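Visitor: One letter stands for each residue in the lines below.
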Amino acid sequence: MHKVFAKYPSMRPWLLLLPASLWLFIFFIAPLFIVLIYSFQTRGTYGGVVWQFSIENFQRTFDPLYFNTFLRSFYIAAITTFACLLLGFPLAYYITTRPPQSRGTFVLALMIPFWTNFLIRTYAWLTLLRTNTGLINTTLISLGILKHPLPLFGNDFAIVLGLVYGWLPDMVLPVYAALDRLDNSLLEAAQDLYASGWRVFWRVIWPLSLPGVIAGSMLVFIPSLGAFVTPAILGGGKSLMIGNIISNQFLAAHDWPFGSAMSTVMMVVMLLATLIYFRSTSRKERVQA
Amino acid sequence: MSSEVVKSGVDQLQSSRRSRMALVKKRFNDLVLNFYGWGGYLFLYLPIIILVIFSFNDSRSTAQWAGFTTRWYGEMINDSQIILSLWNSLFVAIVSTILSTIIGTLAAMAMERYSFRGQLMMDAILYLPIIIPDIAMAIMLLIFFDITGIGFEPWHVNFFRISLAVPYSVIIGHVAFNISFVAIVVRARLAQMDNTLEEAASDLYANSWQTFWRVTIPMMMPGILGGALLAFTLSLDDFVITFFTSGAGFNTLPVRVFGMIKKGVTPKINAVSTLMLLFSLVLMGISLIFRKGGDDENIMDLSL
Amino acid sequence: MSEGHAVELRDVVKRFGNVSAVNHVSLQIRNGEFFSLLGPSGCGKTTSLRLIAGFEIPTSGQILISDEVQGHLPAYQRPVNTVFQNYALFPHMSVFQNIAFGLEMQKTPKSEIELRVNEVLDLVHLQGMGKRRPKQLSGGQQQRVALARALVNRPNVLLLDEPLGALDLKLRKAMQIELKALQEQVGITFIYVTHDQEEALTMSDRIAVMSQGHLLQIGNPEEIYEQPTSRFVADFIGETNFIEGTVEGQNEHVEFGIAPNSIMLATWGSDPVPAKSKVTLSIRPEKIDLYTPGKPLPRGSRKIANMPGKVVDLVYLGTDTRYVVQVPGPNKLVVRMQNATSSEHFFKVGDEVTLRWNPAHARVMKE
Numbered sequence: 001m002h003k004v005f006a007k008y009p010s011m012r013p014w015l016l017l018l019p020a021s022l023w024l025f026i027f028f029i030a031p032l033f034i035v036l037i038y039s040f041q042t043r044g045t046y047g048g049v050v051w052q053f054s055i056e057n058f059q060r061t062f063d064p065l066y067f068n069t070f071l072r073s074f075y076i077a078a079i080t081t082f083a084c085l086l087l088g089f090p091l092a093y094y095i096t097t098r099p100p101q102s103r104g105t106f107v108l109a110l111m112i113p114f115w116t117n118f119l120i121r122t123y124a125w126l127t128l129l130r131t132n133t134g135l136i137n138t139t140l141i142s143l144g145i146l147k148h149p150l151p152l153f154g155n156d157f158a159i160v161l162g163l164v165y166g167w168l169p170d171m172v173l174p175v176y177a178a179l180d181r182l183d184n185s186l187l188e189a190a191q192d193l194y195a196s197g198w199r200v201f202w203r204v205i206w207p208l209s210l211p212g213v214i215a216g217s218m219l220v221f222i223p224s225l226g227a228f229v230t231p232a233i234l235g236g237g238k239s240l241m242i243g244n245i246i247s248n249q250f251l252a253a254h255d256w257p258f259g260s261a262m263s264t265v266m267m268v269v270m271l272l273a274t275l276i277y278f279r280s281t282s283r284k285e286r287v288q289a
Numbered sequence: 290m291s292s293e294v295v296k297s298g299v300d301q302l303q304s305s306r307r308s309r310m311a312l313v314k315k316r317f318n319d320l321v322l323n324f325y326g327w328g329g330y331l332f333l334y335l336p337i338i339i340l341v342i343f344s345f346n347d348s349r350s351t352a353q354w355a356g357f358t359t360r361w362y363g364e365m366i367n368d369s370q371i372i373l374s375l376w377n378s379l380f381v382a383i384v385s386t387i388l389s390t391i392i393g394t395l396a397a398m399a400m401e402r403y404s405f406r407g408q409l410m411m412d413a414i415l416y417l418p419i420i421i422p423d424i425a426m427a428i429m430l431l432i433f434f435d436i437t438g439i440g441f442e443p444w445h446v447n448f449f450r451i452s453l454a455v456p457y458s459v460i461i462g463h464v465a466f467n468i469s470f471v472a473i474v475v476r477a478r479l480a481q482m483d484n485t486l487e488e489a490a491s492d493l494y495a496n497s498w499q500t501f502w503r504v505t506i507p508m509m510m511p512g513i514l515g516g517a518l519l520a521f522t523l524s525l526d527d528f529v530i531t532f533f534t535s536g537a538g539f540n541t542l543p544v545r546v547f548g549m550i551k552k553g554v555t556p557k558i559n560a561v562s563t564l565m566l567l568f569s570l571v572l573m574g575i576s577l578i579f580r581k582g583g584d585d586e587n588i589m590d591l592s593l
Numbered sequence: 594m595s596e597g598h599a600v601e602l603r604d605v606v607k608r609f610g611n612v613s614a615v616n617h618v619s620l621q622i623r624n625g626e627f628f629s630l631l632g633p634s635g636c637g638k639t640t641s642l643r644l645i646a647g648f649e650i651p652t653s654g655q656i657l658i659s660d661e662v663q664g665h666l667p668a669y670q671r672p673v674n675t676v677f678q679n680y681a682l683f684p685h686m687s688v689f690q691n692i693a694f695g696l697e698m699q700k701t702p703k704s705e706i707e708l709r710v711n712e713v714l715d716l717v718h719l720q721g722m723g724k725r726r727p728k729q730l731s732g733g734q735q736q737r738v739a740l741a742r743a744l745v746n747r748p749n750v751l752l753l754d755e756p757l758g759a760l761d762l763k764l765r766k767a768m769q770i771e772l773k774a775l776q777e778q779v780g781i782t783f784i785y786v787t788h789d790q791e792e793a794l795t796m797s798d799r800i801a802v803m804s805q806g807h808l809l810q811i812g813n814p815e816e817i818y819e820q821p822t823s824r825f826v827a828d829f830i831g832e833t834n835f836i837e838g839t840v841e842g843q844n845e846h847v848e849f850g851i852a853p854n855s856i857m858l859a860t861w862g863s864d865p866v867p868a869k870s871k872v873t874l875s876i877r878p879e880k881i882d883l884y885t886p887g888k889p890l891p892r893g894s895r896k897i898a899n900m901p902g903k904v905v906d907l908v909y910l911g912t913d914t915r916y917v918v919q920v921p922g923p924n925k926l927v928v929r930m931q932n933a934t935s936s937e938h939f940f941k942v943g944d945e946v947t948l949r950w951n952p953a954h955a956r957v958m959k960e
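Residue numbers (the working numbering), protein chains in the order written: chain A, 1 to 289; chain B, 290 to 593; chain C, 594 to 960.
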C-alpha cells in the first residue's frame with residue numbers, strides 16, 4: 001500500500017481520504033439522498049412506501065397543523081437564542097473582568113456542565129419543573145409562598161428553559177472569545193474622547209463583539225431548531241417541535257415519506273440560515289469567533 | 290486671595306464628593322456584575338447538584354427530601370438491564386472511537402497537508418455531520434439501514450468462548466459523525482505544528498515512512514488523543530442517533546435512561562445520572578491532564 | 594575533469610508557478626570553505642540552500658555534491674545536513690535523542706552513537722545536557738544542539754539557514770566567532786545563508802550576493818566590498834555614493850560631465866567604457882577626503898579627482914564623522930573622515946569644501 005503512496009505523490013491526499021470518503025459517502029451522503037427521494041414518495045396503506053413521484057408531502061407541510069409547528073419551533077429557537085444572548089453576554093463579560101490567570105478556570109467551569117450528558121441535564125430540569133412533583137413547586141407550596149403550583153412544565157417555557165440551559169455555553173464561548181480579543185486601549189481611547197458607560201458599550205464594545213454574538217447565535221439557534229430530546233422530555237407530550245413530529249412519523253405514524261419530507265424542509269431551512277451566516281461574515285471574523 | 294482659597298477648597302470638596310460617588314457607582318456596578326456572574330454559574334450548576342443530592346433521597350420522590358440512603362445505587366447495580374446497557378455503551382464507544390480516530394486522523398492529514406482539487410467539497414462533506422441536527426441524521430440512517438436490508442440486529446460473534454453482540458448499525462452511525470469531530474481536532478493540531486520538523490528528520494536520513502512514525506505521529510499525538518477523547522465522549526453521550534439505529538431490545542445507557550424516564554421518575558434515574566456525570570468528569574479530568582502535560586494550548590480548545 | 598568541489602550548481606532554475614525563485618544560478622563551492630549566500634528577503638538564497646539540502650527539486654539545471662549529481666535525490670539520501678533557522682529540534686525527544694537521530698537512521702551501532710553524541714556535545718560546549726528536553730534550554734543552547742545534531746553525522750557539507758537570526762545582538766556576535774572557529778576546527782564546508790552583510794563579511798571565506806533569484810557577484814569579502822560590480826551589490830554592502838554622469842574622455846580615466854564642466858573622476862583597468870555613454874560611479878564614503886578649498890594637498894597624494902561642495906549635515910560617530918556634502922547637480926555625497934588627530938570636527942555645517950579622491954577607488958557600475 002505504501003508503495004502506491006510513495007510512487008504517486010499527487011494521489012496521496014486521496015489515499016488518505018479514502019476511508020473517510022467511503023464511510024461518509026456510503027453512510028451519510030447516500031442516506032441523505034435516499035431521504036430526499038423518500039420525500040417525494042407517499043405512504044402505502046400498511047405503512048410501506050408507494051414509489052410514485054409526488055409532492056404531496058411537501059404540500060402537507062404547509063397544512064396548518066404542521067406548519068404551525070414549524071413556526072413554533074422557529075419561535076422557540078429564536079427566543080432561546082435571545083435568552084442565551086441576554087444571559088450569556090454578561091456572563092462572558094464577567095469572565096473577562098476576572099484576573100487573566102484565573103480566566104481559564106472560569107471557562108473550564110463553564111464547560112464542565114456542557115460536557116455532561118444532554119439527556120441527564122434535561123432530566124434534571126424535569127425533576128425541578130414538574131407541576132405537582134417538581135422541586136420548585138413543591139418547595140414553594142410547602143413554604144406557603146404559593147397555593148397552587150406554577151405551570152412550569154409541559155409548555156414552551158419549559159422547553160425554552162431546557163434549551164437555554166443546554167446551549168448557553170455555546171453562546172458564552174464565542175462572545176467571550178470576541179470580548180477577550182478586545183483591546184483595552186480601545187475602551188480607554190473612547191473614554192478619552194468623552195464617551196462614558198453605556199455609550200462606550202453601544203458604540204465600541206457591542207459592535208466589536210458582534211462577530212462573536214453572531215457566531216454564538218448560530219451555535220444556539222440551529223440545534224434549538226432541530227431539538228428533539230428537550231421537547232420530548234420537558235414538553236410533557238404536548239408541546240411538540242419539528243423534531244418530535246418527524247420522529248413520530250417514524251415511530252408511530254409509520255409515514256416515512258412524510259417524515260423524510262419534513263426533515264428535508266428542516267435541513268433546507270438550516271442550510272439557508274448557515275449560508276446567510278457565511279455570507280454576512282468574512283472568513284476572518286468566523287475563524288476568530 | 291482668600292476667595293481663591295475658598296474656591297479651591299470647594300472645588301476639592303466637590304471633586305472628592307464626585308470621586309466618592311464614582312467609587313460608589315463603581316462598587317455598585319461591580320456588585321451587579323458579580324451577582325450576574327455567580328448567578329450564571331449557579332444557574333448552570335444548581336440543577337445538576339440537586340440531581341445528585343436527590344439520588345440519595347430516601348423516598349420515591351425526586352422533589353421532597355426524606356432522608357439519606359444509598360439504596361437507589363444498590364438497585365442500580367443489581368439491575369442487570371442497566372449494567373448491560375452500560376456495557377453496550379462502552380463497547381460501542383470504544384469500537385467507534387478507534388475506527389473514527391484512525392479514519393479521521395488520516396482525513397485530517399489529507400486536508401491540512403495537501404492542496405488538491407475537490408478539497409472544498411471534501412471540507413463541506415466533513416462539516417455536514419456536525420451541522421446536521423441529530424434527528425435528521427438519525428432518520429437518515431434508519432431509512433438507509435432499512436432500505437438496504439443492512440438491518441439493526443446486532444451480529445453475534447464468538448470471541449474466545451465469549452459471545453459478543455456487535456451492534457454494527459449503531460457503531461456505523463457513531464463513526465459517521467465522529468469522523469468529522471476527530472478530523473477537526475487533529476486538523477487544529479496539524480495547523481499549529483512545526484513543519485520544519487519533518488524536513489529536519491528527512492535531513493537526518495529518515496525516509497518518508499520513518500519520518501511519519503518517528504516524528505509526524507508523535508507530534509500529532511495531542512491532537513489524535515484529543516480527538517479520540519472527544520469521539521469517546523460524544524459516543525457515550527449520544528441518544529438520538531443511537532435510539533433510531535438500535536435493534537429491538539438493544540440499549541445503550543442513555544437510551545435506557547430515556548426509557549426509564551418515560552416509565553416513571555424515581556431517584557434511581559438520579560443515581561444512574563450521577564454515575565454518568567461522574568464518568569464525564571473523569572473524562573474531562575483525563576483530557577485536562579493531557580493538556581497540562583503536553584503543549585500549553587488555548588483553553589478555548591476545550592470548547593470542542 | 595573533476596575539480597573536487599564540495600557543492601556545485603550548474604545553471605539551476607527553480608520556479609514556483611510563475612515565479613522564478615532561483616534564476617539560472619551557477620556557482621562552485623570549494624572544500625573546506627566558509628561560503629555565504631547573502632541578499633535581502635526573497636532573493637533566492639534560502640531556496641538555493643533548500644535545493645542543495647534536498648527539500649526542493651530544481652526545475653532545471655544540475656546540483657552536484659562532492660562531484661556527484663544529486664539534485665534529484667530526496668534529502669535523506671544526500672550527505673549534507675542542515676541547521677534550521679528555528680532549530681527544528683524534536684520536542685518529544687531529549688537532547689541526546691535529537692542528536693542521535695541521524696545516526697539512528699543510518700543504523701549506527703549503539704555504542705558508537707553514544708561515543709559520537711558525547712563527542713559532539715563536548716564540541717559545542719553542552720556536556721551533560723543530554724537528558725534535557727529542548728524546551729528547557731535557552732535559545733543559544735538550542736542553537737548549539739541543532740548544530741551538534743547536524744555535525745555528529747560528519748556531513749561533507751553543512752548548510753546553515755540564518756541560524757543566528759533569533760539571538761540577541763551580543764549573543765549573535767559571540768556565536769559568529771564560535772561558528773567560524775568551529776568551522777576551522779572541524780574543516781567541513783559551511784554554506785551559510787544570511788541577510789546580514791556584516792555577518793557575511795565577518796565570517797566568510799567567500800560570499801555570493803543574490804538578488805531576485807539572480808547571482809550578482811561572488812568573491813571574498815574584500816573583493817565584494819572594494820570592487821562591487823553592480824549597483825545592487827555596492828548599495829547592499831556597506832554604504833556608498835552613486836554619481837551619475839557621461840563619459841567624456843578616454844585615456845584610462847573617465848571624465849564625467851557634471852554641469853557645468855567635466856571633472857576626471859574615475860579610472861578603470863581593462864574594461865574601457867565607450868565615450869558619451871552614461872554610467873554610474875560608486876565611491877565609498879571613507880574613500881573621499883574633504884579639504885579646505887585653496888589649501889595645498891599633502892605630498893604624494895593620489896587623490897586627484899576633485900569636486901567642490903558644501904557641508905549640509907554632519908554626525909559625530911566617535912571614531913569618525915559622517916558628513917553629508919552638497920555637490921553640483923542634485924547630488925549629496927556622504928563622506929566619512931576618521932577623527933584620528935583630534936576630536937574636534939574638521940568642518941562645520943555650511944563650510945565650503947573640496948572633495949578629493951583617488952580615481953582608482955571609484956568603481957564603474959554595470960547595471
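Read the hints as simulated data drawn from the structure, not as lab findings.
Computed from a predicted model, the values in this text were never measured in an experiment.
Do not rely on the hints blindly, as some may be mistaken.
Each pair of labels, with its calculated beta carbon distance range [said to hold, decoys possible]:
| hint | chain 1 | residue 1 | chain 2 | residue 2 | range |
| --- | --- | --- | --- | --- | --- |
| 1 | A | Glu188 | C | His617 | 31 to 37 Å |
| 2 | A | Leu22 | B | Ile436 | 37 to 43 Å |
| 3 | A | Ala253 | B | Asn447 | 35 to 41 Å |
| 4 | A | Leu271 | B | Trp444 | 31 to 37 Å |
| 5 | B | Ser305 | A | Trp198 | 49 to 55 Å |
| 6 | B | Ile338 | A | Leu143 | 44 to 50 Å |
Covered stretches of chain C, going by a simulated chain B footprint (3 or more residues, C-beta under 8 Å) [claimed, not checked]:
| hint | region |
| --- | --- |
| 7 | 641-648 |
| 8 | 692-704 |
Beta carbons are placed, not taken as given, at the ideal position from N, Cα and C, and that holds for glycine.
Visitor: Against which earlier hints does the structure fall short, listed by number upward?
Guide: 1, 2, 5 and 6
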